[in-house]
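*Asks:* Counting from 1, one number per residue, gives the positions in the sequence shown under this note's numbering.
Quick caveat, the hints were computed from the structure, so don't treat them as lab data.
Incorrect hints may appear among the rest.
Calculated pairs, EDC-like style, for lysine to aspartate or glutamate (alpha carbon to alpha carbon, straight line, at most 16 Å) [as the list claims (entries may be wrong)]:
#1 Lys432 <-> Asp343
#2 Lys342 <-> Glu469
#3 Lys361 <-> Asp418
#4 Lys464 <-> Asp343
#5 Lys226 <-> Asp268
#6 Lys318 <-> Glu305
#7 Lys318 <-> Glu295
#8 Lys437 <-> Asp455
#9 Lys303 <-> Asp268
#10 Lys447 <-> Glu389
#11 Lys182 <-> Glu469
#12 Lys87 <-> Glu305
#13 Lys87 <-> Asp109
#14 Lys288 <-> Glu305
#15 Lys432 <-> Asp418
#16 Lys342 <-> Glu313
#17 Lys250 <-> Asp455
The structure displayed is predicted, hence computed values, not measured ones.
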Amino acid sequence: MSTTDKASTETSPEPTPADPAEAAAGSQLSTAPVEDSGPVGIGVIGWARWFWRQLTSMRVALILLFLLSLGAIPGSLVPQTNVDALKVAEWKKEHPSFVGVADALQLFDVYSSVWFSAIYLLLFVSLIGCIVPRSWQFVGQLRGRPPGAPKRLDRLPAHTTWRTDKTPDEVLSSARTLLAGKRFRTEAGSGTVAAEKGYLREAGNLIFHVALIVMLVAFAWGQYFKSEGGKLVLRGSGFSNTLTQYDDFKPGTLFHPDDLPPFSFTLDRFDATYEMSGPQRGTPRDFKAYVTLSEGAHGKPEKREIQVNKPLEIDGSKVYLLGHGYAPIISVTDSTGKVVYKDAVPVLPQDGNLTSTGAVKVTDGYKDKDGKPEQLGFTAVFVPTFAGEGHGTMFSQFPALLNPQLMLNAWHGSLGVDSGLPQNVYRLETSKMEMFKDESGQQLIKKLAPGGTMDLPNGAGTVKFEGIERWATFSVTQQPGSGLALTGAIAAIAGLAGSLFIQRRRIWVRAVAGKDGVTVVEMAGLGRSESAKLPEELADLAATLHQQAPSVSDPVEETPEGERG
Numbered sequence: 001m002s003t004t005d006k007a008s009t010e011t012s013p014e015p016t017p018a019d020p021a022e023a024a025a026g027s028q029l030s031t032a033p034v035e036d037s038g039p040v041g042i043g044v045i046g047w048a049r050w051f052w053r054q055l056t057s058m059r060v061a062l063i064l065l066f067l068l069s070l071g072a073i074p075g076s077l078v079p080q081t082n083v084d085a086l087k088v089a090e091w092k093k094e095h096p097s098f099v100g101v102a103d104a105l106q107l108f109d110v111y112s113s114v115w116f117s118a119i120y121l122l123l124f125v126s127l128i129g130c131i132v133p134r135s136w137q138f139v140g141q142l143r144g145r146p147p148g149a150p151k152r153l154d155r156l157p158a159h160t161t162w163r164t165d166k167t168p169d170e171v172l173s174s175a176r177t178l179l180a181g182k183r184f185r186t187e188a189g190s191g192t193v194a195a196e197k198g199y200l201r202e203a204g205n206l207i208f209h210v211a212l213i214v215m216l217v218a219f220a221w222g223q224y225f226k227s228e229g230g231k232l233v234l235r236g237s238g239f240s241n242t243l244t245q246y247d248d249f250k251p252g253t254l255f256h257p258d259d260l261p262p263f264s265f266t267l268d269r270f271d272a273t274y275e276m277s278g279p280q281r282g283t284p285r286d287f288k289a290y291v292t293l294s295e296g297a298h299g300k301p302e303k304r305e306i307q308v309n310k311p312l313e314i315d316g317s318k319v320y321l322l323g324h325g326y327a328p329i330i331s332v333t334d335s336t337g338k339v340v341y342k343d344a345v346p347v348l349p350q351d352g353n354l355t356s357t358g359a360v361k362v363t364d365g366y367k368d369k370d371g372k373p374e375q376l377g378f379t380a381v382f383v384p385t386f387a388g389e390g391h392g393t394m395f396s397q398f399p400a401l402l403n404p405q406l407m408l409n410a411w412h413g414s415l416g417v418d419s420g421l422p423q424n425v426y427r428l429e430t431s432k433m434e435m436f437k438d439e440s441g442q443q444l445i446k447k448l449a450p451g452g453t454m455d456l457p458n459g460a461g462t463v464k465f466e467g468i469e470r471w472a473t474f475s476v477t478q479q480p481g482s483g484l485a486l487t488g489a490i491a492a493i494a495g496l497a498g499s500l501f502i503q504r505r506r507i508w509v510r511a512v513a514g515k516d517g518v519t520v521v522e523m524a525g526l527g528r529s530e531s532a533k534l535p536e537e538l539a540d541l542a543a544t545l546h547q548q549a550p551s552v553s554d555p556v557e558e559t560p561e562g563e564r565g
């Protein structure tokens, strides 16, 4: 290549190395293991080695990761036994033809099934078997030195050359100082300087895959030892963090009730504010629960606040505020005027304006006019803001208590609670009950304002709408692996960014005296992958080095007359 007055670079497809020096120059730019084309050796050992190398390859790890994501889909489409056994029973009733297949494939227990666990464990082993040898290889590269310069630098993708009157030692000394100042790791050779940079690319790659293992461990830890329970608490009532206090509870596979941290709290007050006017009328503005908390068995009571997305953290558990609603206070008297029932009955919201439904169940203490013990049931529809007579049905117009109304219809007979089968407390089971009827023979239904009463037919008693209480629902969760999972996710993002944006590259500088005594300088670069940044970086380095070792003019050569122009 002819000399030039200034440094220049050229790029070309990387050729196949023609000598061992060129092969060594491009080697170990990555920690990726060499792929096997088939079993090594003969017999069981050869096949075992081949299977192990396939399992610990990144290709298989990605396939297993895809299968793990694919295997989680049934867990979100089919109800899970450990989450909601009642939904599983309902699903089986609705899809009887698929029950056998679903049971055989363990679709009701996906995350603890044999096939899901096998994929999970194989992915775990694959990642560890892939990362460990690559980590040791990377440590060896960090302890090693940049390889010597290839014999033909002009064969590399980025290359430049010029002639200077500086001595080779002066050029190489300047080159080494320049490259070291650019944070290259340098190594002097015979007439050459080798430099290397970009180790964080491989470090980021390894960090990313180690972070995947950390996230898998965190996921398993959280699934096995987690706990999540819900509780509806009336204003003025309390909750203790014991298993029997929960309305619903979802434990992990290895969870033990003793793992629940001891604490209790009382709901002192619940405040909710809404937009009162404009196009966003009725939109929630703020929900806040005021509680009195006691930590431990004999903890000192403390006043705390719980807001949406601002949970109460207690000894590894978090108490979230999930929802709220109203609880009409209902009293029931029998034919003698004796109060046999009085309680605040929570009703569940059905829309954004808190139109709510529920059931009142009088299980004990009531006797009919003949003195025979009987059970009463009432279906309830509650609206905090009724539009008024002639202005619509029982649908609330606003979520706050502006015009509360309660509609009840009455039943008598057996509620079915003595059968031992679980029941929905917000739904009335009327298969063994008879409805109370009014004078016209129609079902007894009455709308009540606070303080209003409903008389049961034939002197069977009265029902009174005493007042309104508030309730709030809380979720108490314990996720032991959440912090570890967050750390793994952050590390994975950082590692992936490093592996994508940092380029591993090598630079070589050769300076030798030519036949005419003028020093010939060559610079070349090689990266892990083709990139426009490598020629640009080499051009910048060559320009800087050229200032310290400027070019000299080429000797004038005789040119045939016909080639001049």
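*Asks:* Confirm or reject each hint.
*Replies:* Hints versus structure:
no., hint, in the structure
1, Lys432 <-> Asp343, "24 Å, violated"
2, Lys342 <-> Glu469, "13 Å, holds"
3, Lys361 <-> Asp418, "13 Å, holds"
4, Lys464 <-> Asp343, "11 Å, holds"
5, Lys226 <-> Asp268, "29 Å, violated"
6, Lys318 <-> Glu305, "13 Å, holds"
7, Lys318 <-> Glu295, "13 Å, holds"
8, Lys437 <-> Asp455, "11 Å, holds"
9, Lys303 <-> Asp268, "9 Å, holds"
10, Lys447 <-> Glu389, "11 Å, holds"
11, Lys182 <-> Glu469, "72 Å, violated"
12, Lys87 <-> Glu305, "34 Å, violated"
13, Lys87 <-> Asp109, "13 Å, holds"
14, Lys288 <-> Glu305, "7 Å, holds"
15, Lys432 <-> Asp418, "12 Å, holds"
16, Lys342 <-> Glu313, "35 Å, violated"
17, Lys250 <-> Asp455, "43 Å, violated"
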